[in-house]
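Number of protein chains: 2
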Amino acid sequence: MTRTSQTLAGKETVGDIAAFGGKPLFATVRPIGQLSLPDERQFFALARGIFDRRRITNNGPVVQELERRLAAMHRVPYCIAYANATIALIALLKIVAGPVQGEVILPAFTYPGLPHIVRWAGHVPRFCDIERESHALSPIRVAEAIGPSTRAILGVHQVNSPCAIDELTALARERAVPLVFDAVHGVGCVHRGQPIGGFGMAEVFSLHATKLINTSDERLADSLRKMRNFGIVGESEIGGLGLNGKLNEIHAAAALACLNGVKDVIGRNAERHQAYCAALAGLDGLRVLPYPAPAENWNYEFVLLEVSPPWPLSRDATVALLRGENALVRPYYSPPLHLEATDPAQPPPSLPVTEDLSRRFIQMAVGELVSTEDIQEIAVFMRFLQSHARPIEARLAAAERGTR
Amino acid sequence: MTRTSQTLAGKETVGDIAAFGGKPLFATVRPIGQLSLPDERQFFALARGIFDRRRITNNGPVVQELERRLAAMHRVPYCIAYANATIALIALLKIVAGPVQGEVILPAFTYPGLPHIVRWAGHVPRFCDIERESHALSPIRVAEAIGPSTRAILGVHQVNSPCAIDELTALARERAVPLVFDAVHGVGCVHRGQPIGGFGMAEVFSLHATKLINTSDERLADSLRKMRNFGIVGESEIGGLGLNGKLNEIHAAAALACLNGVKDVIGRNAERHQAYCAALAGLDGLRVLPYPAPAENWNYEFVLLEVSPPWPLSRDATVALLRGENALVRPYYSPPLHLEATDPAQPPPSLPVTEDLSRRFIQMAVGELVSTEDIQEIAVFMRFLQSHARPIEARLAAAERGTR
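Keeping their order, the protein sequence lines are chains A and B.
So for the first sequence, the working numbering puts the first residue at 69; every next one is plus one.
So for the second sequence, the working numbering puts the first residue at 69; every next one is plus one.
Hints were generated in silico from the structure; no laboratory data involved.
Here the structure is a predicted model, which means the values were calculated and not measured.
One or more hints might be untrue.
Stated by the list, open to error - One side only, chain A facing chain B, incomplete, derived with CB under 8 Å:
#1 152
#2 188
#3 192
#4 309
#5 310
#6 322
#7 342
#8 345
To be verified - Per the computed footprint, the stretches of chain A lying under chain B, defined by three or more beta-carbons under 8 Å from a beta-carbon of chain B, are:
#9 102-109
#10 452-466
Claimed, not checked - Under 10 Å between C-beta atoms, here's a sample of chain B residues computed to sit facing chain A:
#11 115
#12 117
#13 119
#14 158
#15 187
#16 188
#17 190
#18 299
#19 309
#20 313
#21 316
#22 318
#23 437
Ideal placement from N, C-alpha and C gives every residue a C-beta, glycine not left out.
Here chain A stands alone, though its shape is the one from the complex (with noise of 0.2 Å):
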């Protein structure tokens, strides 16, 4: 308690808010990635070992026993390692959504860059909108959107929850249309007992240096492996489109020396999931999103914080004040993708609970760069912004007249 004074004592008044010119709460930023690094001594012992053999691309020895790993680990037959994820994503939409252009169903609650892979791959983003509590693609939105321009479905598991990937599989089953997932929030995650990673034709996941593509399929593997490498065949041919899509051997040692460390940055996600849950308790308005039972479903790789009435600030303006403090906390998938298309003779489809849902989360600063202290801290300032937020908006509306 006398760590909380001595923090709270930094702002005593509404003036000592960084945002309206008082001294950060943290000297030094507080970020939303995780930040953790390779285990620095397996990651030179395997570099010493690239050098000793001067191999260092064109699958290598070590990118070799990252895919064993990771395939073993996603209890999958084949892992294609790529050099990062757009690439894997891109190279994947190509093979399995033709080259006839048509439209490949994705979410708008996402990242930025799925949109645009869509497009390298010669198709039409086709928004769709998700399930309110899985955050995830909505097999009944899907079905409706499904039509003879349908290429692909492209479902992107969420931090707090897989696809519904049961309906989605039986529905591409059913409809005759390809579905891969994009996995990069699943790392470490479990479904009915199967690890993320070996459903639908294919999943592209991250795993920090490095982007891997799981399938069963043994032909995609193949075009996949082809497409990774110029499109060369046999020894020097050409036998279909390529790229150079290929992970070197000095990546390949980064990511297995971060695979044996997995587990202990999931545990250390789940601790301050837990610190964020009991520190912001009580505080009205706020919910940290839990992450269901059971365990070993989740990575807690994010923290999101819903702001809700009666918490008496924006969510847009409760960012805007963390950020000031150095705490660079972000809106969270917000604005939403579809409101973002470049066609302005297209008006954006209307996606009710992607809309709703891109109003309502903070993604909070986590990472191996934020202690539990760190979290106790941005609590007590949650609370100190409860306690003055009538000056507070005050003062924003000033600024913002100010701007105008």
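Position chain B against the provided structure of chain A, taking the given hints into account.
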């Protein structure tokens, strides 16, 4: 001479040729790649710094230093590091050639990935013939090919000559077509006193582990930086089409640790080139492609052997026999890319110079794994082929009949 006799002792009869069941000349392969490694001490020092700073990607200090040093080395204001040259060229073409599908003019006497890059950027490859001496795009043929659907010219500097830079630059300006260069072969080379890397709207080149785009155009540099980072402008807003083309810190460390050694690598390449010229002198019908003076125009990355009558064996038979001996030589840019085109409805254009040159050259074994002694052994083997051409041809013809 003793050494040569010992080697020759291994090839006393045609049956001693490895392709016919004999013991290979080389116990381990002699490849065509450079296979030079970054300076080990410098790489590990930089890698330690990355761990100490906990900064592994997103335009960190190592990437920034690499870009600064390369911009200075090439005397250009901007250098933008991408994860690989495929991604860099796709991004560059997407920006300069614009969104409306059209043609990109490029040579067919180059590496097979290049037309794929044009397709990923949303355009159609238009193959154009080359000059016999430079092996690079013929400005006359390019001028004929430019039409209303031309979106860009993609020149490729060759290992034995840069493009006709002045003529292409004048033509591009006159016809208002963006001109960019693939300068992957141009590392360390000079044109009229100016380093390759500063011509056209931008040049993409490769430095071992990393690929870079140079440009003098501030707006283009800005677009390239945004596209590399998912198209993000400002905090998180997406300002246009993007992807993940970021080079990370560990790659930049590898590249920086190569920079000081580039001159030494080129020096060793020149020695190997000289060794091939000396060792193969006097073999009728074989000519090592010369690199015209001044020496600083070339990096001697490849050694190209031109095969023509009265050499008694075909180019492809010579390649097969050398490969049997573990000298992993290759037909150079053969078949040319326009004859590999994927659209059966569209007959390939006639590119007589390209087609002729594609039948002539062998890309010889070079790089750090090939010693001067290796080159002398290859020359002795070539003399053996020359003096035993008749029975070799008979064996090859018999083998050919056997496989039918």
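Using Cβ atoms only, decide whether residue 188(A) comes closer than 8 Å to chain B, and label the hint accordingly.
holds (6 Å)
Interface hint status, residue 316(B) versus chain A (Cβ within 10 Å):
With Cβ-Cβ at 7 Å, under 10 Å, it holds.
Was the hint right that residue 152(A) lines chain B, CB cutoff 8 Å?
holds (5 Å)
Annotated coverage of the region 102-109 of chain A by chain B, confirmed only when three residues or more have a Cβ within 8 Å
Our answer is that it holds, as 3 residues pass the Cβ test (under 8 Å) against chain B, meeting three.
For the hint on residue 345(A), just tell me whether its beta-carbon gets within less than 8 Å of chain B.
Residue 345(A) check fails; min Cβ-Cβ to chain B is 26 Å, beyond 8 Å.
Does residue 342(A) pass the interface hint, meaning its C-beta sits closer than 8 Å to a C-beta of chain B?
With a closest approach of 24 Å, the residue 342(A) hint is violated.
So, as I understand it, the hint says residue 117(B) touches chain A; can you test that by seeing if any CB pair is closer than 10 Å?
It is violated, given that the least Cβ distance between residue 117(B) and chain A is near 12 Å, above 10 Å.
Taking 10 Å as the limit, does the beta-carbon of residue 190(B) come near enough to a beta-carbon in chain A?
Constraint on residue 190(B) satisfied, holds at 8 Å.
Was the hint right that residue 187(B) lines chain A, CB cutoff 10 Å?
The hint holds - residue 187(B) has a Cβ within 10 Å of chain A, the shortest such distance being about 6 Å.
Can we keep the residue 322(A) interface hint, with Cβ of chain B closer than 8 Å?
Check passed: Cβ of residue 322(A) comes within 7 Å of chain B, closer than 8 Å.
With a C-beta cutoff of 8 Å, work out whether three or more residues of the region 452-466 of chain A approach chain B closely enough for the coverage to hold.
n = 0 at 8 Å, threshold three: violated.
Given a cut of 8 Å on the nearest C-beta pair, is the interface hint for residue 309(A) held or broken against chain B?
holds (5 Å)
Violated hints, listed in ascending order, are 3, 7, 8, 10 and 12; each of the other numbered hints is respected by the structure.
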